[in-house]
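Novice: Residues per chain, in single letters:
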Amino acid sequence: MKNLHKALILSSAIFAANSQAEITLNGFASIVGGVTTSSDDTLYGYDQDIDFSQGSLFAIQASADLGDSLTATVQLLARGENDWDPDFEWAYIAYDASDNLRVLAGRQRVPFYMYSDFLDVSYAYPWITPPEGVYSVAFDTFDGLGAIYSTSMGSFDANFHMIYGGNNSEITVAGETVKPDFIDSMGLVATITRDWLTLRTGYLQTEMNIPLQGTQPLIQGWQAAGFDSVANDINVMKDTGSFLEFGFQIDYNNWLVIGEYTELNLDGTILPNQDSFYVLAGYRFDNMLVHVTYGEDDDARDRVTENVPVVDQLLPLLVPTNGLSDSQKNQASYINLGLRWDFHDSAALKFEYMSYSDDLNSNNDAGLFRTALVAVF
Amino acid sequence: MNKFFKTSICSTLLISSFCYADIAVVVNHENNSVLSDSDISRLFLGKLKKFTSGGKAVAINLKLGSDTRNEFETKVLGKSASQIKAYWSKRVFSGKGKPPPELVSDKDVLSMVASDNNMIAYVDAASVDDSVKVVKVF
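Quick mapping for you: the protein sequence lines, in order, are chains D and E. So in my numbering, the last spot in the first sequence is 377, and the numbers never skip. So in my numbering, the last spot in the second sequence is 515, and the numbers never skip.
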């Protein structure tokens, strides 16, 4: 009798202990509207015409428990800005080698940032989207292996995440859509949590091959002029890019303080090195969270022509090359005010206003108002 | 006295949702683990997967929206329902874990815990019977 009762409970609760390939469906969505506050401002793709497709997305995740500690998971994500064409953001088989160790094989997120693993799940964090200035690496998934080791040391929970793999999905770099080849991508991320405090650090690196068409005339020009080293410094081929991150989160009573600092090093290419950080402070009133974020971005690329003699016949190459290096420079800061209202068990409304200042060119200063309805299901 | 005070507030203000019941955390009678408040919270957050005795631990939740669950999440996990939902969203969509399975009623929970010594769950303290062992009342 007791067994029968248990069986009934189990089947009604879709409790997937021993049954074969139980499939769990989950999903998340963001509907985001954005508009700049003055007619000639543009920021992150928004302008004075209110837009609802840019930041909007829908995703569905199916996960099948195959038994014997194996799970297969796919996550399909459709973005408004890509005409709602769905992409596989995650597609992996996970194996729980022990209670502490999970190994993932397949397509997964590169754990660059504190919120990378659930980058598009707006319900999981305060903002509509994490600060764009910091969250700016041109790609966010890879194909390969990941290992997540979790353990406790006293009252500390520690989590180590290692990855190895590569990626050749199309990206947009310097305004050009290009098919890159990232190989030997590897990294280690450590996260330590105790009660209300989380600390995180990560280091990742990859070999980069990004055949930017726009730079080919300069590369060929310098090669023809006998300056192979300058050509190599422009070209993004067999160069190593590295990335360092430090992050923290304090969630104490009703206070929330979050910060991240990142350094992207792309030496040996014409692409800029980027240092950036943000700090958020927030306070929860019942089901409302008010928050303010301040952040700075600093991008720069030294001129690659320092060892080139300034002679007339090289000027047609020197001028555009120096112009290209100099144009990579960016110094900006922003303040973002936000409100998150958890009006429903599975959904929240968010309102944000960002004031963005370009420290090098005040014509790029902009104000951006965004609102979002976000949900998980 | 305390209880009297609580009851009188409830009756005078007639705000029944403010009158919380006690929550009992329960395990199987064969489970002799000693669990701290932090252990209990980490078991239900999927951070701890074994009892102190070494046995595999499986936490059971009540359905989303149940008063007992809201009370448990506030008192024991120290989070609101939406904070817990956000916590599990992070884990579910990043391949790090999935939330405890949900059962509909205290009765279902009790019979499940009574029949399986890996289970840990919580119910309204008033529903507890002899079939399970109470680890702690919050």
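Treat the hints with caution; some may be incorrect.
Distance ranges between label pairs, derived from CB positions [what the hints assert, rightly or not]:
no.: 1; chain 1: E; residue 1: ASP506; chain 2: D; residue 2: LEU244; range: 48 to 58 angstroms
no.: 2; chain 1: E; residue 1: LYS427; chain 2: D; residue 2: GLY214; range: 28 to 38 angstroms
no.: 3; chain 1: E; residue 1: LYS513; chain 2: D; residue 2: SER333; range: 43 to 53 angstroms
no.: 4; chain 1: E; residue 1: LYS424; chain 2: D; residue 2: GLN220; range: 19 to 29 angstroms
no.: 5; chain 1: E; residue 1: ASP506; chain 2: D; residue 2: LEU199; range: 43 to 53 angstroms
no.: 6; chain 1: D; residue 1: ALA190; chain 2: E; residue 2: ASP507; range: 39 to 49 angstroms
no.: 7; chain 1: E; residue 1: LYS424; chain 2: D; residue 2: SER355; range: 34 to 44 angstroms
no.: 8; chain 1: E; residue 1: LYS513; chain 2: D; residue 2: LEU244; range: 28 to 38 angstroms
Some chain E residues flagged as far from chain D (calculated, every beta-carbon gap over 10 angstroms) [as the list claims (entries may be wrong)]:
no.: 9; residue: GLU407
no.: 10; residue: LEU412
no.: 11; residue: ASP444
no.: 12; residue: GLU448
no.: 13; residue: VAL453
no.: 14; residue: SER459
no.: 15; residue: ASN494
no.: 16; residue: ASP501
no.: 17; residue: SER504
no.: 18; residue: VAL511
no.: 19; residue: VAL514
no.: 20; residue: PHE515
I should point out that these hints are in silico values taken from the structure, not numbers from a laboratory. Virtual Cβ for every residue (Gly too), placed ideally from N, Cα, C.
Novice: Which earlier hints can't be squared with this structure?
Specialist: Hints 2, 4, 8, 14 are the ones this structure does not satisfy, whereas the remaining hints hold.
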